[in-house]
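The hints should help you fit chain Z onto chain L, whose structure is shown.
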Amino acid sequence: GAGVSQSPRYKVAKRGQDVALRCDPISGHVSLFWYQQALGQGPEFLTYFQNEAQLDKSGLPSDRFFAERPEGSVSTLKIQRTQQEDSAVYLCASSKTHKGTGLDNEQFFGPGTRLTVL
Amino acid sequence: AQKVTQAQTEISVVEKEDVTLDCVYETRDTTYYLFWYKQPPSGELVFLIRRNSFDEQNEISGRYSWNFQKSTSSFNFTITASQVVDSAVYFCALSPLDAGNMLTFGGGTRLMVKP
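Respectively, the protein sequence lines represent chains L and Z. If you count the first sequence from 1, position 70 lands on 144 in the working numbering, and the numbers rise without skipping. If you count the second sequence from 1, position 67 lands on 101 in the working numbering, and the numbers rise without skipping.
If we strip away everything but chain L, and leave its shape as in the complex, we get (with noise of 0.2 Å):
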């Protein structure tokens, strides 16, 4: 499989229970991006890491939003306490770098991660 793979695809959790998505991005691309999008909206930016490095989480919405990306490859979004207002499509997106011109900065998304907090 080449492409970006996320799980679960959907989720369904009580408020207050903690969530973690998952996401395996593109072997070796270095730029891994969260996005938060509600129905009827479109695609809002939470987080970027290029390569382990958390280099932009002004989308996080709140504290209770954390990411990682411990080794540079798979990345984990985990929502503690979650609330009905995050109910929401997830995706992961990445690129192969995270700079330059060319098209190697270009993401690719994933399927997305549906969830549901009752």
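Source of the hints: derived by calculation from the structure; they are not laboratory data.
The calculated lysine-lysine pairs, modelled on PhoX-like cross-linking and capped at a C-alpha distance of 25 Å, are:
id, chain 1, residue 1, chain 2, residue 2
1, L, K131, Z, K37
2, Z, K72, L, K170
3, L, K85, L, K152
Chain Z only, in chain L's frame:
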């Protein structure tokens, strides 16, 4: 701050009609990228095109064409002779040329092509 506006939330056309999806953007960057993505019902974002801000040449790819006008901060997308398979949500997006290239998306336009 960056902002992308897609004023048309929903468009409905009959097959074989031409349709144009509008996109207007705001940025303080002097160099940037503009994108269009397609999101079919399956949910996955499909890359359609990327343009950089110093290349205003319009582009045509099959039934798709893009009109970039820096003077009006617009990057419109036209589908010629639309087909039912074109039904999807289309997103316009903007990113800086560096600093991680994170994307700022518009709200999307839902295109419905009826047979």
